[in-house]
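Novice: Got chain A; can you put chain B on it based on the hints?
Those protein sequences? They're chains A and B, same order as listed. Taking my numbering, I'd label the letters of the first sequence as residues 1 to 304. Taking my numbering, I'd label the letters of the second sequence as residues 1 to 283.
In case anyone wonders, no lab produced these hints; they're calculated from the structure. Here the structure is a predicted model, which means the values were calculated and not measured. Zero decoy hints are in this set.
Every beta carbon over 12 Å from chain A, so not counted as near; a handful from chain B, in silico:
{"id": "1", "residue": "Leu146"}
{"id": "2", "residue": "Glu175"}
{"id": "3", "residue": "Ile176"}
{"id": "4", "residue": "Gln193"}
{"id": "5", "residue": "Pro197"}
{"id": "6", "residue": "Asn198"}
{"id": "7", "residue": "Val199"}
Simulated restraints, written as ranges between beta carbons of each label pair:
{"id": "8", "chain 1": "B", "residue 1": "Leu200", "chain 2": "A", "residue 2": "Glu85", "range": "48 to 54 Å"}
{"id": "9", "chain 1": "B", "residue 1": "Thr59", "chain 2": "A", "residue 2": "Ser212", "range": "50 to 56 Å"}
{"id": "10", "chain 1": "B", "residue 1": "Thr63", "chain 2": "A", "residue 2": "Pro199", "range": "52 to 58 Å"}
{"id": "11", "chain 1": "B", "residue 1": "Pro226", "chain 2": "A", "residue 2": "Gln148", "range": "26 to 32 Å"}
{"id": "12", "chain 1": "B", "residue 1": "Gly87", "chain 2": "A", "residue 2": "Gly81", "range": "44 to 50 Å"}
{"id": "13", "chain 1": "A", "residue 1": "Asn252", "chain 2": "B", "residue 2": "Thr48", "range": "25 to 31 Å"}
Using N, Cα and C, we set each Cβ at its ideal position, and we do this for glycine too.
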Amino acid sequence: MSQVSSQTLADASERKGLFSRLVDAFPFRWWMALPLILLLGIFVLYPLGFSFYLSLTEYKLTNRSLDFIGFEQYRRVLTDGDFTESLKITLTFVVAAVLIELVLGLVLALALQKQKFARNITRALLFTPMFLAPVAVGLVFRFLLNQQLGLLPNALAVFGWQVDFFSPNMALWSMVLIDVWQWTPFMVLLMLSGLESMPKSPFEAARVDGASFFLTFRTLTLPMLAPVLIVALVIRVLESSKLFEYVFVITNGGPGGTTESLQFIMYQTGIRFFRLAEASAMAFVFLLVLAVPIIWMLRQAKET
Amino acid sequence: MSGLRHTKDAPGAKPTLIAETGRLLLILFAVTSVLVPLLWIGFAAFRTPMDLTNPGSFTINPTLENMREVAKGDIPGASYRSFLVGGITTIIGLVVGSMAGYSISRFKTGGVALRFAILFPTIIPPTVLAFPLLALALQINISDSLFAVIAAHLTIVVPMITWFMTGFFAGVPREIEEQAAIDGLGPFRTFFQVVIPNVLPGLGASALLAFMLSWNELFYALVLAPGDSQTLPVAISAFNTFQGVKLGPMSAALLLTVTPVIFLSFFIQKRLVQGLGASGVKG
Numbered sequence: 001m002s003q004v005s006s007q008t009l010a011d012a013s014e015r016k017g018l019f020s021r022l023v024d025a026f027p028f029r030w031w032m033a034l035p036l037i038l039l040l041g042i043f044v045l046y047p048l049g050f051s052f053y054l055s056l057t058e059y060k061l062t063n064r065s066l067d068f069i070g071f072e073q074y075r076r077v078l079t080d081g082d083f084t085e086s087l088k089i090t091l092t093f094v095v096a097a098v099l100i101e102l103v104l105g106l107v108l109a110l111a112l113q114k115q116k117f118a119r120n121i122t123r124a125l126l127f128t129p130m131f132l133a134p135v136a137v138g139l140v141f142r143f144l145l146n147q148q149l150g151l152l153p154n155a156l157a158v159f160g161w162q163v164d165f166f167s168p169n170m171a172l173w174s175m176v177l178i179d180v181w182q183w184t185p186f187m188v189l190l191m192l193s194g195l196e197s198m199p200k201s202p203f204e205a206a207r208v209d210g211a212s213f214f215l216t217f218r219t220l221t222l223p224m225l226a227p228v229l230i231v232a233l234v235i236r237v238l239e240s241s242k243l244f245e246y247v248f249v250i251t252n253g254g255p256g257g258t259t260e261s262l263q264f265i266m267y268q269t270g271i272r273f274f275r276l277a278e279a280s281a282m283a284f285v286f287l288l289v290l291a292v293p294i295i296w297m298l299r300q301a302k303e304t
Numbered sequence: 001m002s003g004l005r006h007t008k009d010a011p012g013a014k015p016t017l018i019a020e021t022g023r024l025l026l027i028l029f030a031v032t033s034v035l036v037p038l039l040w041i042g043f044a045a046f047r048t049p050m051d052l053t054n055p056g057s058f059t060i061n062p063t064l065e066n067m068r069e070v071a072k073g074d075i076p077g078a079s080y081r082s083f084l085v086g087g088i089t090t091i092i093g094l095v096v097g098s099m100a101g102y103s104i105s106r107f108k109t110g111g112v113a114l115r116f117a118i119l120f121p122t123i124i125p126p127t128v129l130a131f132p133l134l135a136l137a138l139q140i141n142i143s144d145s146l147f148a149v150i151a152a153h154l155t156i157v158v159p160m161i162t163w164f165m166t167g168f169f170a171g172v173p174r175e176i177e178e179q180a181a182i183d184g185l186g187p188f189r190t191f192f193q194v195v196i197p198n199v200l201p202g203l204g205a206s207a208l209l210a211f212m213l214s215w216n217e218l219f220y221a222l223v224l225a226p227g228d229s230q231t232l233p234v235a236i237s238a239f240n241t242f243q244g245v246k247l248g249p250m251s252a253a254l255l256l257t258v259t260p261v262i263f264l265s266f267f268i269q270k271r272l273v274q275g276l277g278a279s280g281v282k283g
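The following block holds chain A by itself, in its conformation from the complex (with noise of 0.2 Å):
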């Protein structure tokens, strides 16, 4: 019987073809996760190995040279004034914004969490603007705001308050508060599914004890939250350093360069002004400097 059965196994793997022979050379995991590793080292790896090489040539869209000519470009860029003004810009408005964001987000979640009348309809709602094409919030917000026609700055004439929301000296705030508009939500939904997570008896012990409502934040609620406000305050801080389409939609950098944001200068310098080799630097600076945050993530992520 088993002389029979090997004699048989033999001849099948003799009839084999080329295609399952090269199936059995690799595992079955590696053939699973290869169209994957094949499209990240097509369309990421190896467009970022050209994007730093660019950075260091003078390639332009109007003059596509790729002759080398070393670290001349980030020079530039960290010795001229409006990268540096541009990361100061940037940086006030990822600070101002997602710490609005978190606080808004949690007080949200909190109420939310303990909502029941119209419960699903309420957080779908309240869920929406994350959904959006930031380029169309914009567009909405531009009108919105507008001094002249936008329903908000003639609400607020209405109660002598004179607000031009895209003045020099607001304009950023202005940004701001779109940014929260859109993406407290998506605070409030992470937020929300980690309070549900939790286990109910430790806040059972604490209503019988009589504990208030701070005292349980405190000690329950916000301890057991953190590895939630953790990753959503990484995932907003790296999303809203992209800011762009709200700038592109309203101000385009404007009044007086006021919301020229990283992103903004990036394309202004490699689209508009063509040069494509020193808006590469700034992307590899700009990069050199999310990584604060990233490995301050990728730490924490280990920790928990």
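Specialist: Chain B alone, transformed into the frame defined by chain A:
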């Protein structure tokens, strides 16, 4: 009112009447803040230019003039291209992402390195990849075509799907694969015929979210296809030079852009929470 009745069941300290009123007011304020801008645009899309330039008024003489003007312009073509880019990106993304997600979920393939490589393109600012992709597209003469945009969108869509599906596959019991192996199915057929049907809801949610990511994306599309092949976000960004008279068509175009997304978002919210939870965001 029924909100008040039920709060006793909620965990935490018993709320006072003042706290409860404050809570309801806060939610009311949030709902209003979300709704007013959206309704205002929906309202504006059907108003005449005369009514629109008079901000103090709420008069409306319902008109389809704005819609008609949008229909004549670039918007329908751009919507079609966005639909095409979103569709192709999503289909490729589902195949590549679910295969890799399964491999990572079951066999920890690639370890930390692969997980980082997946997150990397979604973390970095799009300028890092957009500029070299443009230079490469110019080199092989595919700039201002949808190929370049699809390639760029794959770099954000595929990681998202992989990440989500890794979580959803973790919820599939291993017994079904063991049973399939006993029945004599090979690993590939087990995956496509046995495992995939178990994660269809997750796959559907990932597909919708992937499509929305692509549909909404501006930067890559703006850099790689600014001309004849522009996608919907690029086309509507042209309204950034609006004059008073353009407000109506702009509102109509915005309404057309956001309505399908709002509709789709209602379908995936529950799954989204689940997906985020499953893939370890909850810590």
